[in-house]
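Produce the entire structure from the sequences given, and follow the hints as far as they go.
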Amino acid sequence: MTRNIVLASLICSMLSLHACGGGGGGGGDDSGTDADAPGDVSADQPVDSAGDPDDDGVTPACDIDAAAPPWPDWVPDWPGSGLNATGNTTFRVLDAGASVTDLAVEDVSATSAVITWTTPGEADSSIAWGTTPETCPTGYQRTGGRLLHRMLAAPLEPGTTYHVVVRSRDASSEDFGLIEVTTPAHAAATELTGCQEITASGSYRLTADVTADCTCFHVTAPDVHLDLGWHTVTYAATETGEQCHGVFLHDDTNTAARGIIVQGSAGGSLYSHALYARGGDGQTFEQLWVRVHTSDAFGMRTMYTSTTTARDLLIVSEVRDVTDRHYPGNHGIALGLSPSDATGDIHDCILFGVPHWGLTMGANEEERLTSPPDHGPTRFVYNNHVFADMHATNGYAISVAANHMEVHHNEIRPLHNGRAVHYTMSNASIHHNIIEAVELIEGDPADGFAYYSDTSDTHSPHDPSVCTWVVAHGIRVESGNLGEISHNEVYSYTLPDVSFGCTALNITTPESGGAGANEVHHNQFTAYQASGSITCSGGLPTTAGWVRGGTPDTPNDLHDNFFRSTHETLFIEDPAMATSTDDTLESI
-7 MTRNIVLASL ICSMLSLHAC GGGGGGGGDD SGTDADAPGD VSADQPVDSA
43 GDPDDDGVTP ACDIDAAAPP WPDWVPDWPG SGLNATGNTT FRVLDAGASV
93 TDLAVEDVSA TSAVITWTTP GEADSSIAWG TTPETCPTGY QRTGGRLLHR
143 MLAAPLEPGT TYHVVVRSRD ASSEDFGLIE VTTPAHAAAT ELTGCQEITA
193 SGSYRLTADV TADCTCFHVT APDVHLDLGW HTVTYAATET GEQCHGVFLH
243 DDTNTAARGI IVQGSAGGSL YSHALYARGG DGQTFEQLWV RVHTSDAFGM
293 RTMYTSTTTA RDLLIVSEVR DVTDRHYPGN HGIALGLSPS DATGDIHDCI
343 LFGVPHWGLT MGANEEERLT SPPDHGPTRF VYNNHVFADM HATNGYAISV
393 AANHMEVHHN EIRPLHNGRA VHYTMSNASI HHNIIEAVEL IEGDPADGFA
443 YYSDTSDTHS PHDPSVCTWV VAHGIRVESG NLGEISHNEV YSYTLPDVSF
493 GCTALNITTP ESGGAGANEV HHNQFTAYQA SGSITCSGGL PTTAGWVRGG
543 TPDTPNDLHD NFFRSTHETL FIEDPAMATS TDDTLESI
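Numbering (this note's numbering), first residue to last: -7 to 580.
In short, the hints are calculated from the structure, not lab data.
Quick caveat: nothing in here was measured; it's all calculated off a predicted structure.
Beta carbons are placed, not taken as given, at the ideal position from N, Cα and C, and that holds for glycine.
Incorrect hints may have been included.
[What the hints assert, rightly or not] Across the chosen pairs, the derived CB separations fall in these ranges:
id, residue 1, residue 2, range
1, T185, T153, 28 to 38 Å
2, D55, R84, 43 to 53 Å
3, P125, A522, 45 to 55 Å
4, G186, R84, 52 to 62 Å
5, I580, S257, 41 to 51 Å
6, T199, E231, 20 to 30 Å
7, P125, S73, 22 to 32 Å
8, H367, R84, 26 to 36 Å
Right, dumping it as structure tokens:
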């Protein structure tokens, strides 16, 4: 039986909507909205002629599409626009419905606001803001589709009223909403003018741009809230053999927020991550824009942390060298959780150019399950965008490498090159994602050049005849078991002369057998191989769905899916591996 996908409680907890029994509010020392205070919907949201605060029929007075993004010029242009950003996917399993409802201010600080709303179906998100209703010079869009829309308006000025317009669009309609938010004055905090170690609990606020030879802020006390005030922190500016970090959280209940972190030209030694946390509980990185460029630098990494949150991060990775693709590889955001029951959240983050892995979550000493658990997801990855440009072998945009993960409403598209979802553990719910995957090569294939490089790998650069290394996968289930994969739009493709074969769904059970028991339903899996694409002899075909490997304890259950391909539609190597019921197979 299809397990229920629990979204309502998550949406309510994130939005604090009065319809769910919540009352607004937010985090941070300058945040929080009391009832009928500036920023509270009941006080500040315009209503339509019927007095309904759901914004039906709202027409903005400014041009939302003319708004300029707020982030630095080193952030790439957003690729595409709208729900179907590339035009590759004709949606078959997502719901339509772009009506903006439940518009609210989730969180407001002196320099930022988080605006939320919901739509009845999967729709894209746009936001723009200005200080008069007629002007909204600053804003941005987020393509793909989601039900819960959560947009960051920043940087803002303290003590200022902003007029905010939002929009959602599906394939055939659009809807707008209007809301006002007034930022408070800065809350009391210890002001910082330079990089330093923070050894006492409390609130801190940076008041100027700063540069460090190596690490800038190292937090070694509990209960620290570090507000960077949207200033730029440059770390690793001087040659050194040490690991350097922009912000290093090293104790419990630490938060770093609202700033720009840039890796300096020297870069530091290997693994000089912009954001780093180690060995604490309750650590949060939020509302940060990050740029990294040297070998193996992550945008954000945590190790041995629990109750860890990454949200509203924008990470631009210009890293091209990956020393070892096996461990630790290179990641845009990597949560390493401990103990094995630790929880984690990655949501509303944007990644550009990740060279290996995009978003990953793993738990220390956690093992794959052998029987169904008595609970649902406890770790969440949702509403993120990964625009990959992978340069190292076998990287994926999202790695489901911990048990009990829910991965939903993410958008995965390669800027140039990339695989999508890799599922290796147990009890995952992977649903309502928009996924594209393609793997390209560079150089002359006759000379053995491939797009991937890995200085520790004797197979690099890879011979393009070895398909096992370089075939694009949409959703790759590699020994993952007891999971549910549903309502995903998956498009895997190859291009003439420059790319290999592809699979949209690839399920592999270990040769020794194992649990299996994944339910895969109501997805669209499309595998498209253009005429002239490279054909290699390693044995991986172009196929929309492929189930292979050993015999699981319980067959995987495939039902009510669309499998579409220019070549093989659905190939199950042995009926003991999987069943297929009411699946639609279509040649294209």
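Hint check results:
1. T185 <-> T153: 28 to 38 Å: holds (29 Å)
2. D55 <-> R84: 43 to 53 Å: violated (33 Å)
3. P125 <-> A522: 45 to 55 Å: With Cβ atoms ~48 Å apart, the hint holds.
4. G186 <-> R84: 52 to 62 Å: holds (55 Å)
5. I580 <-> S257: 41 to 51 Å: holds (48 Å)
6. T199 <-> E231: 20 to 30 Å: holds (28 Å)
7. P125 <-> S73: 22 to 32 Å: holds (24 Å)
8. H367 <-> R84: 26 to 36 Å: holds (31 Å)
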